[in-house]
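S.K.: If you read the sequences in order, they're chains L and X.
Counting from 366, one number per residue, gives the positions in the first sequence under this note's numbering.
Counting from 366, one number per residue, gives the positions in the second sequence under this note's numbering.
Check each hint, because a few of them may be wrong.
The list makes no distinction among identical chains, and a pair is therefore deemed to hold if it is satisfied within one copy or across any two copies.
[To be verified] In silico lysine-lysine, DSS-like type, Cα no more than 30 Å apart, as pairs: (1) 466 / 544; (2) 594 / 367; (3) 579 / 376; (4) 466 / 615; (5) 384 / 367; (6) 377 / 523; (7) 523 / 384; (8) 562 / 376; (9) 384 / 594; (10) 615 / 461; (11) 448 / 602; (12) 562 / 594; (13) 408 / 544; (14) 408 / 449; (15) 615 / 579; (16) 523 / 376; (17) 479 / 448; (18) 583 / 448.
Source of the hints: derived by calculation from the structure; they are not laboratory data.
There are 2 protein chains.
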Amino acid sequence: MKIIRSIPEIKKELGRHRKRGRSVGLVPTMGYLHEGHLSLIRKARQDNDVVVVSIFVNPTQFGPNEDYREYPRDLRRDARLCKKAGADYIFYPAAKSMYPKGHSTFVCVEGLTKNLCGRFRPGHFRGVTTVVTKLFNIVSPDAAYFGQKDAQQSVVIKRMAEDLDMGIRIEVLPTVREKDGLAMSSRNSYLSSDGRKRAATIYRSLQLARDLIKLNDKDAPGIVREMRKMLVPVATKIDYVSIVDPLTLKDVRTITGEVLVAVAVWMGETRLIDNILTRY
Amino acid sequence: MKIIRSIPEIKKELGRHRKRGRSVGLVPTMGYLHEGHLSLIRKARQDNDVVVVSIFVNPTQFGPNEDYREYPRDLRRDARLCKKAGADYIFYPAAKSMYPKGHSTFVCVEGLTKNLCGRFRPGHFRGVTTVVTKLFNIVSPDAAYFGQKDAQQSVVIKRMAEDLDMGIRIEVLPTVREKDGLAMSSRNSYLSSDGRKRAATIYRSLQLARDLIKLNDKDAPGIVREMRKMLVPVATKIDYVSIVDPLTLKDVRTITGEVLVAVAVWMGETRLIDNILTRY
Numbered sequence: 366m367k368i369i370r371s372i373p374e375i376k377k378e379l380g381r382h383r384k385r386g387r388s389v390g391l392v393p394t395m396g397y398l399h400e401g402h403l404s405l406i407r408k409a410r411q412d413n414d415v416v417v418v419s420i421f422v423n424p425t426q427f428g429p430n431e432d433y434r435e436y437p438r439d440l441r442r443d444a445r446l447c448k449k450a451g452a453d454y455i456f457y458p459a460a461k462s463m464y465p466k467g468h469s470t471f472v473c474v475e476g477l478t479k480n481l482c483g484r485f486r487p488g489h490f491r492g493v494t495t496v497v498t499k500l501f502n503i504v505s506p507d508a509a510y511f512g513q514k515d516a517q518q519s520v521v522i523k524r525m526a527e528d529l530d531m532g533i534r535i536e537v538l539p540t541v542r543e544k545d546g547l548a549m550s551s552r553n554s555y556l557s558s559d560g561r562k563r564a565a566t567i568y569r570s571l572q573l574a575r576d577l578i579k580l581n582d583k584d585a586p587g588i589v590r591e592m593r594k595m596l597v598p599v600a601t602k603i604d605y606v607s608i609v610d611p612l613t614l615k616d617v618r619t620i621t622g623e624v625l626v627a628v629a630v631w632m633g634e635t636r637l638i639d640n641i642l643t644r645y
Numbered sequence: 366m367k368i369i370r371s372i373p374e375i376k377k378e379l380g381r382h383r384k385r386g387r388s389v390g391l392v393p394t395m396g397y398l399h400e401g402h403l404s405l406i407r408k409a410r411q412d413n414d415v416v417v418v419s420i421f422v423n424p425t426q427f428g429p430n431e432d433y434r435e436y437p438r439d440l441r442r443d444a445r446l447c448k449k450a451g452a453d454y455i456f457y458p459a460a461k462s463m464y465p466k467g468h469s470t471f472v473c474v475e476g477l478t479k480n481l482c483g484r485f486r487p488g489h490f491r492g493v494t495t496v497v498t499k500l501f502n503i504v505s506p507d508a509a510y511f512g513q514k515d516a517q518q519s520v521v522i523k524r525m526a527e528d529l530d531m532g533i534r535i536e537v538l539p540t541v542r543e544k545d546g547l548a549m550s551s552r553n554s555y556l557s558s559d560g561r562k563r564a565a566t567i568y569r570s571l572q573l574a575r576d577l578i579k580l581n582d583k584d585a586p587g588i589v590r591e592m593r594k595m596l597v598p599v600a601t602k603i604d605y606v607s608i609v610d611p612l613t614l615k616d617v618r619t620i621t622g623e624v625l626v627a628v629a630v631w632m633g634e635t636r637l638i639d640n641i642l643t644r645y
């Protein structure tokens with residue numbers, strides 16, 4: 366496995382593979398890898414001749430008061446995990462090579478980025494779609510792998526790839542969870558031991574929604590109220606508890622088909638998100 | 366020469382050429398071709414194994430009160446000219462296949478699109494950069510060819526290609542002019558015979574600027590005033606007469622190096638642009 370920092374170098378390296386007709390799978394990450402990332406790398410390994418994991422804490426997707434500086438980083442550990450999961454390359458660019466002086470081009474998906482996290486993190490998805498476009502252009506993968514935990518991100522990236530005719534297959538893999546149900550996230554490392562315990566309630570609130578829907582409860586606002594009752598005692602702050610259409614991400618009132626139940630809450634200083642797809 | 370309307374079909378066709386290691390040149394146009402376009406096609410022919418001319422009157426780059434509907438179209442004539450100039454393919458998509466229902470992704474270049482035409486055509490460059498990104502992703506050219514007449518567009522597209530790591534060489538070719546100096550443009554077909562005569566003054570105003578600069582006049586606002594004196598009697602309206610830095614497109618006060626002298630004026634209902642690059 367090779368670690369490559371330079372954009373021209375990774376382009377050249379992958380160009381050689383392409384010439385020989387090899388397929389390339391890309392797993393874009395911000396590093397500090399967990400089982401969720403590793404499941405993506407293993408799937409990319411199954412599907413492709415060449416597997417690239419990008420590790421880049423992307424400044425443009427963080428707001429001015431967000432955790433860009435504190436975001437956890439550990440390349441040595443990540444490299445070990447990538448190698449074990451079957452990666453061929455880690456692409457590990459510097460921020461100043463991804464965004465040199467004068468950079469001023471952005472990719473935006475409208476509509477889909479208004480609700481959910483988009484309401485609370487203005488500019489976040491613009492940063493995500495811009496960096497993913499850059500990574501796609503640098504790596505030219507056949508397929509790229511994302512986790513369902515970032516549900517809105519997946520929908521937005523699928524939309525972008527289709528709208529801009531990128532010709533890249535977007536694969537979204539299930540959320541990987543801790544034993545108590547907490548969705549794996551690099552940000553879980555921020556949690557205090559008390560916060561960590563309380564965080565398990567997030568998934569329990571999603572299970573409650575699933576159970577109510579299975580019991581024929583179609584009233585989305587009513588279900589959201591029940592979920593909030595569970596979350597209020599444990600969360601420092603609730604950004605949103607929403608039941609939305611899984612394609613348009615617009616709020617649903619009456620549940621008649623598949624829905625995305627999505628939550629963003631703060632445990633102390635840590636913002637956590639989670640979601641499930643379920644159907645009436 | 367083949368005319369292809371379908372996105373998957375042109376992708377497939379060009380994929381076959383790529384597999385054989387052939388280089389591809391793209392000339393993006395809105396059709397109604399003139400000598401300016403043909404010079405681009407001929408250069409693409411010299412440089413590449415395969416030449417694609419796209420003809421697409423792109424709705425997203427027209428404002429609500431602009432000439433999208435009236436924009437001149439003549440595929441039969443264009444096809445004849447493309448073939449003669451050496452094109453292998455005309456890519457001629459329908460608007461609804463380029464922008465199917467639900468399309469909501471846009472590419473924006475900030476900063477560079479604020480001045481000049483960007484001030485008078487809000488959203489125009491967003492439409493241009495979005496459609497050019499789509500064409501680039503569909504055709505995957507090695508190089509793309511644009512005319513210096515659309516100076517701001519060229520600078521914006523170069524910036525975009527670099528910022529998003531597109532790996533496509535952007536070639537900008539000199540403006541082709543009528544005998545009296547008028548820059549060739551599909552929109553010249555709108556002009557009345559009187560307007561057509563008056564339009565020659567645009568280039569004469571640019572030559573005046575060049576002459577003054579060569580005579581050591583460094584005062585950009587003073588030169589702009591002289592140009593305006595020439596244009597006011599012939600133009601229905603002046604959008605701008607500007608002397609800007611050719612890279613940043615910001616207004617220059619004191620001319621110390623290369624500058625872009627750029628004009629946008631109305632002759633009757635027709636908006637015409639032109640520019641020259643010159644240096645102190």
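S.K.: Look at each hint and say if it fits the structure.
M.R.: Taking the hints in turn, this is what the structure says about them:
no. : hint      : result
1   : 466 / 544 : neither (45 Å within a copy, 42 Å between copies)
2   : 594 / 367 : neither (49 Å within a copy, 64 Å between copies)
3   : 579 / 376 : neither (49 Å within a copy, 44 Å between copies)
4   : 466 / 615 : between (37 Å within a copy, 16 Å between copies)
5   : 384 / 367 : both (19 Å within a copy, 26 Å between copies)
6   : 377 / 523 : both (27 Å within a copy, 21 Å between copies)
7   : 523 / 384 : both (27 Å within a copy, 26 Å between copies)
8   : 562 / 376 : neither (44 Å within a copy, 52 Å between copies)
9   : 384 / 594 : neither (57 Å within a copy, 59 Å between copies)
10  : 615 / 461 : between (36 Å within a copy, 24 Å between copies)
11  : 448 / 602 : neither (38 Å within a copy, 65 Å between copies)
12  : 562 / 594 : within (17 Å within a copy, 76 Å between copies)
13  : 408 / 544 : within (22 Å within a copy, 63 Å between copies)
14  : 408 / 449 : within (13 Å within a copy, 50 Å between copies)
15  : 615 / 579 : within (21 Å within a copy, 61 Å between copies)
16  : 523 / 376 : both (23 Å within a copy, 19 Å between copies)
17  : 479 / 448 : neither (38 Å within a copy, 46 Å between copies)
18  : 583 / 448 : neither (46 Å within a copy, 61 Å between copies)
The structure fails to meet hints 1, 2, 3, 8, 9, 11, 17, 18 from the earlier list, while all remaining hints are met.
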